[in-house]
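Student: Join the two chains into one complex using the hints; note that each chain is given alone, in its own frame.
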Amino acid sequence: MNAKKKVIAMLLAGGQGSRLYALTQNVAKPAVPYGGKYRIIDFALSNCTNSGIDTVGVLTQYQPLVLNEYIGNGQPWDLDRMNGGVHVLSPFETKEGADWFQGTANAIYQNMRFIERYDPEYVIVLGGDHIYKMDYSKLVEYHEKNNADGTIAVIDVPMEEASRFGIMTCDAENRVVRFTEKPKQPESTLASMGIYCFTWQKLKKYLIENENANTGSKDFGKDIIPAMLANQERLFAYTFDGYWKDVGTLDSLWEANMDLLSPSVPLDLYDPKWKVYARHNNMPPQYIGESAQIENSMITEGSSINGKVDFSVIFSGVTIEEGAIVNYSILMPGTVVKSGAVVEYAIVGENCVVESGAKIGISPENIENRDDWGIAVVGHNVTVSGTAVIKPKEIISENV
Amino acid sequence: MSVNNNVLGLIFASLHDSTVIELTKHRTMGSIMFGGRYRLIDFPLSNMVNSGITQVGVITKSNYGSLLDHLGTGREWDLARKQGGLHLLPPFSQSGEGVYRGRLEALNNVWSYVEHSKCEYVVLTDCDYVANINFEKVIKQHIDTEADITVVYGRYKYSEESGSCVDVLEMDETGRVSAVLIDPLLSGECNISLDMFVMKKDFLRKLVKDAASKNQYSLVRDCLQPKVKEIKLMGYQFDGYFSRIDSVKHYYEANLALLKPENRNQLFKSGSPVYTKIGDNGPVKYGLEAKASNSLIADGCIIEGTVENSILFRGVKVGKGSVVRNCILMQGTNIGANCSLTAVITDKNVTTEDGRVLTGSDSYPVYISKNAKL
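Read top to bottom, the protein sequences are chains A and B.
The first sequence: position 25 = 25 (the working numbering), numbered continuously.
The second sequence: position 292 = 1292 (the working numbering), numbered continuously.
Isolated chain B (complex conformation) (with noise of 0.2 Å):
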């Protein structure tokens, strides 16, 4: 099968922008930064590529500014084509009723692009989950055991306090969904979507027309769950590594989990490299009495201080004297001499004036938002 023009990408870059409203203040899900470089709509955005999908609409909702900056006209991610290539979807009323509420609400306002898309299957993601992921493989298994939609699940040590809007598969032996429950009250190992959906254009179409002649918007809760057994909703295993997005302390935790090189190297596959917008800054330079371990560090930073456990972004300056612990420290973080920080996520352009002191915990970490002088 030829993956090229037979598949369309939708990412929808803006839901669940509520589970962690500290960092979409100023921007929307899809462009929260991780992982020491990226953005969060790297990860699906790569995995469309790198599963040889060249035809990839984002769906956006509000605040995506950044978001619009970021991914430009696609070219860091070889989407700057002629035949499909990247395609922004900012919110397109219909129905004259304001901005979409659900998936498929969204999708029935961006009908006409979806539409005209040369394809016959669709790949939807959001953005809350960070995975390296093959699509093609998706795609192979949707075809071959004739499913009318394949999800994409995990195994996942679920609890209450997971978050919300959580939705858990209970599958047959043959891996057909049986169930779909949204944030029950379960606590153990289950299989939880990776909201990932591979389904044919002509099924998501009556889906979606169905769902707005009834003044429904939720793929989840208004289609998948209510007719799990009339659709063959099929589930598909992902078992490498996955984080999910849904709290500040998630996030927090997703950063840190990449210090381990298990995790990593999951993530960061030779032949799936993760794309991202350049930003042309200089290699990172130590100085004389510098200290670093077990950290991330992308370029551009100057480190002067000592730095242990923590993720640092592009540009971020520590000073001398200063220690940084378990901190995850945004592009532009300026900190100064003789500071002490731990388990604090500084948001972009913060800066802390020398000596200054921050402590949070490791299960509560202390959040500073975008531009703040300390």
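This is chain A alone, in the form it adopts within the complex (with noise of 0.2 Å):
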């Protein structure tokens, strides 16, 4: 038996994260790079350990290596302890059989005896698809204020917006009276972000219940909270100012890292007091060179730049020759961008190499019909000879 934990948080990374298509084809979403020197995994993880949670459970199912070998032992969260850190916890078979993580609540029935062997009072339920920075301590701390039995944070979006989320109606106390999964015409502009606080023996009970009365989705959204709300539980929303961004497209995934580009979106990367930890790997300062013109973008260690980098997000080892042009993109960990190819409104995955000549996207302003306008995106470890062009909404996966 371990020591009792006050709170633990269950993080749900087995999603397959499809809209990313060819950045996912061998990834699971989590483990996408994001920010110049981060995963999308990092951003949950760094804020367990900022908010002082030191067990975490990180479910997996779609394509976990690397998402396995990334977590590793967690050190780089400090997240490797004696009592508690980060466990992976994958499917696995029982003498009943083996089952495939079916839902959000499956997945966390699952992997009761993981949640039971730290006899918690509190489990935080989190995904593994969002970038914001989030102290979970004052989540539990209104969480026991209110004496609540779930606790969901929710965020306010604009009305044209709303139908897009799940949205919680409140009373003049917070108290959630009605949550609609993506209303067509919403009651409020409360959306829900995917982050739970519950009471361990309350929601366990529910998780019993639901698996029993076999639903079918066995989704906290779907059933477990109108579950709840129809039993007239205690549940309570919790209202998260700060920035908070779903990467589940690849719009938004290359507007995230935009953003950071921006001097008015509160993402600060460079707070002392709440850092973003990542898994390194030892590679020298980044080196700019005589010929490079850098305006307005992001550059991590190891990359060696000597062409236009105008308003993008470079990962860590990438190379840009002299005379390349890169304008609005993101360059993966690795890749390399030769002379004279240009790559503007983009994303490209790691390890890739973009041949002389080649073009990736275009800008806007230069396509006579707006709608044929979007990113392009170059999946991991593909070869983009020097003829080649990659246009707008193009995906590539293989070598062209």
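These are computed hints drawn from the structure, not numbers from a lab.
Quantities reported herein were computed from a predicted structural model and do not represent experimental measurements.
One should not assume that every hint holds.
Cβ-Cβ distance ranges computed for the label pairs, FRET-style [said to hold, decoys possible]: (1) A/V265 to B/N1349: 53 to 63 Å; (2) B/G1279 to A/G52: 50 to 60 Å; (3) A/Y21 to B/T1359: 53 to 63 Å; (4) B/N1265 to A/E141: 51 to 61 Å; (5) B/N1371 to A/K393: 29 to 39 Å; (6) A/D78 to B/T1359: 36 to 46 Å; (7) A/K273 to B/L1185: 51 to 61 Å; (8) A/R113 to B/P1261: 50 to 60 Å.
Which stretches of chain A does chain B cover? Using the computed rule of at least three CB atoms under 8 Å from a CB of chain B, they are [claimed, not checked]: (9) 35 to 43; (10) 269 to 277; (11) 295 to 304.
All C-beta atoms in this analysis are idealised placements derived from N, C-alpha and C, irrespective of residue type, glycine included.
Tutor: This is how it looks when you write it as structure tokens:
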């Protein structure tokens, strides 16, 4: 038996992230690179560490190799602990047979024994596909103060976007009275962030009931929350007002990277009191060459820049040769852009080679029909030949 | 040969402190910052790890607070281990005569650590040379030539102004050292010791105990130089890139030398990376009016002005309208707006207000001490 923990976190990292297409062909979405030197999961893991939560279960399912290797023993996030720490939880076989995780609630249900080993009072359930900095200890405090059974973190979204989210209707005390998944006519603009704090004994009861009811979805939003509301359990909404961005689509991933270049976006990667931790790979500082022209960009160690870089996020170990142009783009680790290549409004995956003369993407100003415009995407380990032209909205996952 | 358990690495982190007295005011030789994100000890330590040496003792002397903080448990060098790993050996005087005066005396003080190590060979190195060297090759040559001691040397343009404590080696045609000259009065290209030695533990024990009984302390002056005929001292030529840190001027030049790709590529080789403490800084952010060229810039920097021919350590800020040329700005340096810095070395956490102008020359860079506010 492990020592009791007041709070543990369960991080749902099994999602396929199918709307990231080529970028998640061989890696789970939480392992997709973001922000120059991070992977998406770094934000949730660092939030745990910075919030004083030292026990985290990471539930993986889809293409877990890269993610497992990346998390390792949890040391980069200070989660290599004698008691607790980060644990990767994969689907497993029991006497009754083997089962994949069937939904978010089922994934937690299947790992109840992990949770019980720490006998926690509260369990925080997190997604692994959002970029945000949040102090979960404040969420737990709020939960305790309300004597709540469940607390759902919500964010105020513009009314016109509200119908894309799960929307909470609350009373004057912020107690949730109604929850509607993607309403056509939203009653409120408080959207669920997919971040929950539950009193564990309460959640356990509902997980078991949900499992036995066999609804088919076995999902927090579709099953657990509605069931708790139906039974008048005390559910509260905790309003978060910081930066929060879903990176589930190629456009939103691109935008979330571009947000880092905007001085008005409140996501500070340089705050010494709230560092975002990541696994590093010992590279020398970046070298900026004599012919480099860099404007409003982020560049990471191990890179060597001799070309022109504007409004871009460049990951570690990237080479941009003299005469290459990179605008409004995201270049993931180890990619090489050769002299004379042009990369604009694009996401280029890890370890790609963009040969001289290749053209990837185009500026929206240079396109006739605005509807034809979008981000061009090159998957991981792809060589783009010198004669190739990758059009806007095009997604490439093999050599061209 | 399995190097792992058979070789003990010993790093002298605090020899030569007095040659760069400005930089060692708050620290010791091994913890002097170098190359944008490293400290000098990272190079010998990484060399050992990359050569398969998994037990390393670091011998310190004074001002070692920053060194202890940097090394921690040795995890970043993969040396936080049950078997072997990193051991910090602060001064420990057996003779009651205070801290040690030279390598042999230092070793006598920590001999029980060396004795208890399960090793046949020891590799000794200081922290005053920056190089990426594979000790496996040195050890192999040492065994093949049946040497008593093997010393690593490099070709170096030596002159009397080269600084102090340079050991020039004369060798016969077999590579055996025939004379050891300490700070000789000559100039020209010659072979200088890189202060890295390989020998058997048993041989080292004899040298250490013999010196102690005679109240001697220096490996080179008391042992290698007078006994060069008795001891089979073989040279191993290192022909890769190295730089010697023996004055602030040379420190400045050695840093800026990394802007040349041929030097950089030899020091940061794929396959033998240089490990260092992780800072968890964000990527470098370049602002709308930023200009950077021919510079080495570490993560966590925020550049709003112009940076040319410079080395910027982690977390340096260069304000709008400021121009930084031929400078070395250490960790946490904060340059305000509209400043102009030429040939300046700022130590850690230096801040300058807006509009400051500081100008040194390449032969005499201005050095600004730690935490200074201008």
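Student: If a hint holds in the structure, say so; if it does not, say that too.
Tutor: Taking the hints in turn, this is what the structure says about them:
Hint check: A/V265 to B/N1349, Cβ distance near 28 Å, so the stated range 53 to 63 Å is violated. Between B/G1279 and A/G52 the beta carbons are some 22 Å apart, a value that contradicts the proposed interval 50 to 60 Å. Between A/Y21 and B/T1359, the C-beta spacing of about 54 Å keeps the proposed range 53 to 63 Å intact. As the Cβ distance of B/N1265 to A/E141 is approximately 53 Å, the hint placing it in 51 to 61 Å holds.
Our hint of 29 to 39 Å for B/N1371 and A/K393 is violated, since their Cβ atoms are close to 53 Å apart. Judged by the Cβ atoms, the range 36 to 46 Å given for A/D78 and B/T1359 holds: they are separated by roughly 44 Å. For the pair A/K273 and B/L1185, the beta carbons lie near 57 Å from each other, so the given range of 51 to 61 Å is met. At roughly 55 Å, the beta-carbon separation of A/R113 and B/P1261 lies within the given 50 to 60 Å, and the hint holds.
For the stretch 35 to 43 of chain A, the proposed coverage by chain B is satisfied: 3 residues have a C-beta within less than 8 Å of a C-beta in that chain, meeting the threshold of three. For the stretch 269 to 277 of chain A, the stated coverage by chain B is satisfied: 5 residues place a CB nearer than 8 Å to a CB of that chain, which reaches the threshold of 3. A stretch counts as covered by a chain when three or more of its residues have a beta carbon under 8 Å from one of that chain; for the stretch 295 to 304 of chain A and chain B the count is 7, and the coverage holds.
Going down the numbered hints, you'll see the structure goes against 1, 2, 5, while the others check out.
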